[in-house]
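Novice: Taken in sequence, the protein lines are chains C, R, V and Z.
Anchor point for the first sequence: position 105 equals 105 in our numbering, and the numbering is continuous, going up by one each time.
Anchor point for the second sequence: position 202 equals 202 in our numbering, and the numbering is continuous, going up by one each time.
Anchor point for the third sequence: position 134 equals 134 in our numbering, and the numbering is continuous, going up by one each time.
Anchor point for the fourth sequence: position 155 equals 155 in our numbering, and the numbering is continuous, going up by one each time.
Hints listed in this document are in silico derivations from the structure and should not be mistaken for laboratory results.
Glycine residues also receive a C-beta, built at the ideal position from the N, C-alpha and C atoms.
Incorrect hints may have been included.
What the hints assert, rightly or not - Lysine to any residue pairs mimicking SDA-like chemistry, simulated, CA-CA at most 25 angstroms apart:
1. Lys221/R / Glu145/C
2. Lys180/V / Glu151/V
3. Lys78/V / Phe17/C
4. Lys311/V / Thr176/R
5. Lys221/R / Pro270/R
6. Lys18/V / Ala107/R
7. Lys180/V / Glu152/V
8. Lys180/V / Gly22/R
9. Lys6/V / Pro220/R
10. Lys135/R / Asp120/R
11. Lys6/Z / Gly76/V
12. Lys36/R / Asp127/R
As the list claims (entries may be wrong) - Anything over 10 angstroms on all C-beta distances counts as not near chain V; from chain C, calculated:
13. Ser8
14. Arg117
15. Arg123
16. Gly154
Stated by the list, open to error - Computed spacing ranges between beta-carbons, pair by pair:
17. Tyr173/V / Pro281/R: 29 to 35 angstroms
18. Pro270/R / Glu446/V: 28 to 34 angstroms
19. Pro270/R / Arg256/Z: 33 to 39 angstroms
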Amino acid sequence: MRTPVQFSLNGEEVAAFVEGGANLLDALRETVGDLTVKGGCWQGTCGTCTVLIDGAPRLACITLAETCAGRSIETVAGLRRGPDLHPLQTAFIEHFAAQCGYCTPGMLMAAKALLDRKPSPTREEVVEAIGGNICRCTGYEPIIEAILAASRAGDRRSA
Amino acid sequence: MAKHRGRGVAAINYPIGMNLGGDPSQALVHSNPSGKFTVALSSIDLGQGMKSVTRQICAETLGVPIEDVYVDTADSDTGPHCMGSFASRGTHRVGNAVMAAAREARAVMMEAAAEELEVDAGDLETDGRGNIRVKGAPQKSISVKDVAVAAQFRQGKTISGRGIFLVPLSDVDPETGEMSPATCYAHACLIAEVEVDDETGEVAVLKMTSAYELGRALNPKLVEQQLVGGAWMGMSHALYETPEPYYPDTRNGPRDFNEYLMPGPGDICPHDITVLERPAPDGPFGAKGPGEMCANPVLPAIANAIFNAVGVRVNELPITPEKVLRALKAKNGAPASRFR
Amino acid sequence: MLEFRKDIFADERDDNLKEVGRPTQRQDILGHVTGASAFYDDHRFAGLLHLKILRSPHAHARIRSIDDAAAQRAPGVKRIIRAADVPVNLNTLLSLIQFGKDDEPSLASDVVRYKGEPILGIVATSERSAREALALVRVSYDPLPAVFDVEEALKPGAVSVNATYPKNTFEYYGKYDHQKLRYGDVDSAFGQCDVIVEDRYQMSPIEHAPTETNGSIAVPDTNGRFVVYTSTQALFFSLDTAAKINAMPSNQLHFIGGTVGGGFGGKVDTLTEPLAILAARLTGAPVRYRLSRHEEMQFGSPRGAERIYVKDGAMRDGRIVARKVTAYFDSGAYTRLSSYAAVKCAAHIPGPYTIPNVYGDVYCVFTNRTPATAMRGFGVTALDFALECQMDKLATAIGMDPIEFRILNAYRDGDMKAHRREAKNCALIECCQVAAEKANWPIREEYRRMSSRRGAASAPHASARPEAPRRQPAPAPVQQRIPYDRAGEPPAPDAPPPRPPAPPPAGSSHGATRFSSVFGTRRR
Amino acid sequence: MTVAVKTFGRIGEAAAALSAERGARFFGGGTILMRMVNEADPDVATIVRSTDPALARLAVSSGRIELGAGATMAAILAERDLAFLHPVARTIGGPAIREAATIGGNLFAHSPYGDFATALLALDAIVAIAGGFGQREQPIEEFLAGRDRGGRQLVTGVSFRRPAADSFRFVKVARIRPKGVAVLSIAAQLPLASGRISGARIAYGAMDRAPVRAKAAERALEGRTLDAAGVAPAVAVAAEGAAPVDDAIASAWWRREILPVHLRRLLLGAGA
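Given only the sequences and the hints, what does the whole structure look like? Please build it.
Specialist: Here is the structure:
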């Protein structure tokens, strides 16, 4: 049996019919068609599918899709404003913080969740924020540096 | 509790390309009518930067700006054969194929330019900014764009090139193992600094200092990506990773990223890297390949550092705290630190 | 932090380049940070079907019967794929380069040889339906004894794992059960050296753990062709393998990939494409075969474990005069690529050092575990671990600084390697010197002056050779057999100084050099 | 066949639905259940949810503390008055997991998971359960002991007396930082009466199939001071009652070997 679910995706209202027990990751990729969200494990253990639900980081693969009714969901597809990249995206580019690029969308959203709440985090807080996200290529250091750089860029803008 | 620091070193070399050769790669390069180039490959970019490095090799060889080159990978209908992305062969084998294709395309481009400028192609040079000019008389020049237009619509020339690179397969003498495994080797020496908890066997890697010789770093940032990420993987292999924690007993195999252990962002350490470049005679601009070898010195360097710290040798990977603790108990207690 | 030492080997380089050497941004980076990069699974097709695989719960068993009647009737099931459906159900990856015999089925029919071996596939309208139908398949097995240890597998009377190689070893050159390396005379060298260090090293299997699991989507195209979106690391390798298994002309397959979520060697084996294509042929619909994370972790072919025995002989002055290596590659139940790695391993012995007497035996061994495959550093990573731990133990035993010890023995341009090719373009010494300098690791002046290059004050056996190291503890006595990490007591200083090296004879065929003396020769 | 999802406004209705159906499972935060659903686990035919606000309730007073079973680790970390539990909640997965993971779910997590349950055991928590036969309460030790035998009971919340200031300590030993599964975890409530321990509660995680009390160590601490000599007897009997197993994270041997070390470090304040 399919259930209708309506939620806001990157500011746009979307409606989808989901199978009973469907997870948000499959709902976004297979039903809504947002392929920027990647799946790494469907077990809740790699962070690749990290999205924001009402501003909080969540693992789409273990989020029951129908619990998202009426919620506001952000994916990397909504990170960029038109042609302008989000400071995190710019920082990831400048710091060569991506290799294969598969964990990158989840990393960016985990980082956004942090910076939205804490614009100037310490290195420890950055490490904590991406603690649930697996990267097999970079050794994490460039990602940590990129997030710290993005937060400094934010400081400059607000200053 | 007592924590002991130690340092260990390892030095390695690594063969570039498939052992014994016999692993060809092809490339096609062609220009569109406005002087923008496309490289067609069937090679794979799995994060190592194949698209980016071959793009730089092509631009350098053609003598055009990087923005004027786009690399299209991995379509078996349009990209010619490539053995694959493994054995540290991408930069060396594919790079050479792209270089050969770009040289062929450049020759046509220079002929076409010569025809337009009514000079001898031998007297022309590229300025790397999208122009072709007469050596010593830079005012006499033509843009690559105009050359491409002329070649396509007036001269009827295709500014394109085909390239293949093959290290011919060599035999092995069954009796002696005499063989030609590789045409060039990358090198590295790495020093690891660790801290060992002699009550729990836990090992923390505090710092790595390394020197890698890679022939030519075609792109220093992509090289850094490989060396930093590769050293992390080496540390991970040394201390954490196994799908069979009780090998050769097959029990308790990890099923997910909670059970399969790899160092997290809180486990990493500073890594001070120096790059040396001794060009490989047969490498594209002397390049070898950093992709695989970067992880190799880390494993023994950490093992040797643990010995330097607490005087125990663990010869079985991964060097888990349990193995360190068992070894410590076997030689009852750790000596005072022998930090160098 | 990354720094360049452009001053070293500067005379061998033309640094006057425009694009090469610049930190140009990755061509693919914008796609990566916007989530727009299209990986194989980022393509969508109407009516996509899903393939899931029934896997053996046993490491070794005879399949008595398979009852899939209930699964066939299960909701959403479109087709069941059995071994008999696979056009060519025996293959080995390297048959593409004429290396080795076909030994691995795509779907097991009579015997399963490792836990997780594919037996049957179910194509259904959803992954969930496929999984539910799998639970309805009844297979009855006669469990067989299994072997999991490489050396156990080589013993007489051991369980035979792989029917193609009944002796549990890959067959080299149609006559040997291992790859040999023979150079100089290790036995007489061991007889005359001062210090011997012997040890056993055991590598672990390692999972590549790419964040994107192996997978592919096969889509029926016009004119009987199939478009295959794939995570492969080797496009034509996978295309040709899939064509062979499906008995199709290769030009009926159009493979598209090139943007892959990490590989590290784990996406060469073409684990999913052949059956995805077969499923698409049998159903006429697009089919996705995607490994679950659990499958990737346990059945997606790991880096194989190697067991390596090393015996080294050295002189008190620090020169290594003999190295003997016996290595066993745990290939798992089938060959995949381990046979190749064993040869690469033999070629790598004795590491980046000039040793006049070298002996190597490398075995590719079959056991009842997940078939191993390539991984970053294939064939070399484990040997480097063993050899560089040995180097540390030797340095300790001799009482020499481990970096000076490596520099002393490092191969130099013109040296003869054990596989009988001249060393060229060497740079190990310079790497050691720079790493030591950056780490404030003191090494003596003469070692800082040495060079990999011909003619330079480099060869330790030449006049420029440093005198025996003064470092503590003192050198080990002649013929002392040293359990690795305990240095010897002060030596009985009665050991005759090693004979000077014989002059280099004219190179024989392939530039090989004959070694008349235990101490060998070094070209200068 | 897809899973049926049944959502109820009232806890009681949810409890009834849960006990009514064999294949019914209660949805806490989904970190355990959704993985089973994704893998088409035949044991999960129906997901039972409740939107009852009581489930997410955090009633924090100076005396007794009542936490709804649906309260997440993130909610606990956001509650300043629960600062003593923050070091525990912070060790549960990464930030995204903590937004989902609930107290109730943690009570059912199998070893080596269940670090929050370990803390609750050291706090002598009472577990509130809504079964087919209405509400009941059960000491957490009893609950954990019978957990895997018990039917499909619905835990609605936990309550416990606020530990004396600075008397609660917790350490989780993991191989991976910051997010690692427990090699072991130790929670201790160490009330001091005129400088001496009285009525200590010590609980271990990953030392058995469910969190267990370290009763021998508790007894050995009675009347002792928290110094090297004072804790020595407790450290000596640290492993009594622990029955660790080999798993992918660590071997039983290593867990047993390092347990006394980490207990000593925790008691002496060198831990965490």
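Novice: Any hints from earlier that this structure breaks? Give me their numbers in increasing order, please.
Specialist: Of the numbered hints given earlier, the structure breaks none, since each of them holds.
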